[in-house]
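Asks: The listed protein sequences derive, respectively, from chains A and B. The numbering of the first sequence is this note's numbering, which starts it at 34 and goes up by one. The numbering of the second sequence is this note's numbering, which starts it at 262 and goes up by one.
Hints were generated in silico from the structure; no laboratory data involved. Check each hint, because a few of them may be wrong.
[Unchecked claim] Listed next, the in silico DSBU-like pairs over lysine-lysine satisfying Cα-Cα at most 35 Å (straight line):
id, chain 1, residue 1, chain 2, residue 2
1, A, LYS276, B, LYS348
2, A, LYS189, A, LYS239
3, A, LYS189, A, LYS131
4, A, LYS239, A, LYS286
5, B, LYS348, A, LYS131
6, A, LYS189, B, LYS348
7, A, LYS276, A, LYS239
8, A, LYS131, A, LYS276
9, A, LYS286, A, LYS269
[What the hints assert, rightly or not] Stretch by stretch, here's where chain A covers chain B in the computed footprint (C-beta under 8 Å, at least three residues):
id, region
10, 306-319
11, 325-339
We put the beta carbon where it would ideally sit given N, CA and C, even for glycine.
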Amino acid sequence: MNDIDLARERALRARGSVVDMAASPAGCHLGGSLSVLDILVAAHTVAESRPGVEVVLSKGHAAAALYAVLHQTGDIEEDPAPRYGRAGGPYTGHPSPKVPGVRFPTGSLGHGLAYAAGWALSRRLLGEPGGAIAVVGDGELQEGLVWETLQIVQAKRIGGLTVVVDVNGGQNDGYVADISPMTDLPARLAAFGFEVAEVDGHDIEKLAAVLVPEDRPKAVLAATVKGKGVPATEGKAASHYVKISPARARQWKAVLR
Amino acid sequence: MTLPGREAYKDELTALAALDPRIVCLEADLGGPSHPFAERFPERFLNLGIAEAAAVDIAVGLASAGLRPFLSTFAAFGTWRAAESVKLGLGYQQAPVVLVCPYGGVSGGWFGPTHHSLEDLAVVQSLPGVRIAVPCGEAETRAVIQAAADEDRPCYVRLARNEPYEAPFEPAGRGEVGWVSGTGGPTLLVSVGEKPAQLCVAATERRPDLSHAHLCWVDFESLSQAAAELADHARRIVVVEEHRAAGSVASTLALLLPRHEVHSVNAGPSWPSEGGSHDETLAALGLTVPAVLAAAGAGETPAGASVLGASRPARPHAPLTRPAGAPAGRPTPSMANPGATLSPTT
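The following block holds chain A by itself, in its conformation from the complex (with noise of 0.2 Å):
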């Protein structure tokens, strides 16, 4: 099995446990987290044969997700959706650095990202290999602190980074174009000094070739679709935190794709 098809397997397996943790007795941002999925996934991948490249959810409302992926990559050695969410457990719902593969914890929008530019920039001050990836929201993007951070890294000339944005156009009280659409988001992007690739957030392949963190600075738009894998879930703004009954789990999880 090569690496692609192995991680398509992780991404189906976590699927499933982010479901499990829909069922826990907190739910979990449930759309959100099978739209990031697969890119997690491949950013992971990348990470997992490059040294020093740092993975950082900046959504971290997708924290079921990371969790899961982790799981499938071996950071985190337990099942965790039966302690997702529950006391004495780490799995808070936005990431805790107590998780094995959580550098940073995040949650609160657009820090994950300048957290990032600040890991890619001491692989230059140290002089060691790796880079980020950091994965944002489109609705993360309302963040000013998103834009401040851009700033620098062109400012500063911060290689080493790729920027992916779950493109799910969707946000906690609905679409994101009908709340603060983000216009000409390529022209912006490229306006700061990063290299633009529009992707299929949902095709493994080509996410892990172009999140590979590379000199010039890298914004990656994955189109995504929010609730992905689960039939009852795809596209609807609707799923963005979603608690169901472990019968319904077990319905979703049999149609998983």
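With chain A held as given, fit chain B onto it using these hints.
Replies: Chain B in isolation, oriented as in the chain A frame:
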């Protein structure tokens, strides 16, 4: 020649960087057009521009990789503009970032309230695990920067503007009390910061029976250690600081010393929006020698107090704590509400 705190910081950090390759110097457009660190170690100096929140986060990213970032900007911006970044990076993550902030208090003088910082300690004090230093003078500033570089801990360093200050006392380390004058008598003045130290020195010249101790490290852990020593020396403590009451050192000491009287001479509630020097702005806030003497319960009627009361929004210097648990019949000092001395009119 004595260097002001800001220059002492730059010089000391540059010297330390020669020995420690992990040290990185970050500025946010307020470090001045020339910087000794930039001249000596240009590859480790980055002026990140006017973007404080991102600057703190980037510093956190560098610290996570094993570097030792020092980031400097004015206190108002380092604490409030970047407050959430400081909370999450220095607080939650305990990233060993050192935030060095001149323009503490009202040292910006005529720059006005946008550039004043009378609330910064409240912000940082509310974040467990972040060390806080308010050094006085060149030697103590250098000692603080050395300590911050040596230890793997987040740290906030509050400096003033550009005035040099020749501190008449030895630098106080973490948890230490810097004794300036006297160690006896029932009332002890405790100064935090350069101007409060000057006020207390002037006050003890007029009232030699008062003792004066200076504190440099004022995070909760440090104060917990220092409080025990303060408690041994006086029953009545008057904290003089260039900060508002909320989040003040006085309020922390009051929590730590429930059986002592802790009084506060602080910057009060007003927003000083007139021109003037640092000293004039302090006077407008009521941070004056007469106010210190009034809070200390001076036997004399402090000169200027009536002027203060008549023309300024004076603050009552009421005790922040009642002497809870004190035995009944304990001598009640006549100045239990020394604010009355100031005849507050508002």
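Asks: Which numbered hints does this structure break?
Replies: none
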